[in-house]
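Trainee: Sequence:
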Amino acid sequence: MSDETKFLGEAIELARANIHEGGRPFGALVVRDGQVVATGVNEMHATNDPTAHAEMMAIRAASRKLGSTDLGGCAVYASGHPCPMCMAAMRLAGVGKVAYAYSNEDGAPFGLSTAAIYAELKRPFAEQSMAISHVPVRPEGTAELYAEWAEARDKRG
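Residue numbers (this note's numbering): 16 to 172.
Careful, some of the hints might be misleading.
Here are the computed lysine-lysine pairs in the DSBU-like style, where the Cα-Cα straight-line distance is at most 30 Å [stated by the list, open to error]:
| id | residue 1 | residue 2 |
| --- | --- | --- |
| 1 | K112 | K80 |
| 2 | K80 | K170 |
| 3 | K112 | K137 |
| 4 | K112 | K21 |
| 5 | K80 | K21 |
Honestly, the hints are just simulated from the structure, not real lab data.
Based on the provided sequences and hints, a complete structural model is requested.
Mentor: Now the structure itself:
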């Protein structure tokens with residue numbers, strides 16, 4: 016059995032256990048150098064937090080454990096196709112590999128596909144169902160926000 020198959024099997028077992036706790040069938044692992052750094056399950060049912068997806072929970076736990084927002088060198092193994100939010104979070108964290116066991120097509124008959132969200136996000140902002148606009152507000156008498164951040168960062172060293 017390959018490591019990939021082993022870790023995906025573990026993600027599926029996390030998902031299966033989560034079903035029996037009243038949650039959705041999603042589990043995820045963050046792995047670095049062949050070792051599980053952190054795991055997560057979908058906790059939306061328990062937290063009423065729409066961002067409490069298995070991958071997000073695993074990323075948050077891994078970042079805390081490693082003491083860094085940089086998860087470079089890590090892989091994520093997920094029971095289901097990660098949604099766009101989770102995929103973006105993994106990219107922002109520097110995750111180098113993602114593997115998943117169940118596709119959006121597998122989940123679609125059960126209302127567990129995010130394919131429509133992926134399709135929506137490909138469209139220009141003006142054509143999406145959510146109103147999105149850039150409103151360049153710059154309060155008078157204040158520093159540029161990003162410049163202020165850079166200056167504070169540089170002072171901290």
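Trainee: Could you run down the list of hints and mark each one as holding or not?
Mentor: These are the hints, each one checked on the structure:
1. Pair hint K112 plus K80 holds up; C-alpha atoms about 19 Å apart against a cutoff of 30 Å.
2. For the proposed pair K80 and K170, the alpha carbon gap of about 27 Å is at most 30 Å, so the pair holds.
3. Proximity of K112 to K137 is assessed by CA-CA distance (about 22 Å); at most 30 Å being required, the pair is judged to hold.
4. A threshold of 30 Å between alpha carbons decides the hint, and for K112 with K21 the separation of about 15 Å falls inside it, so the pair holds.
5. Among the hinted pairs, K80 with K21 is consistent with the structure: their alpha-carbon atoms are about 22 Å apart, no more than 30 Å.
In terms of the numbered hints stated before, the structure departs from none.
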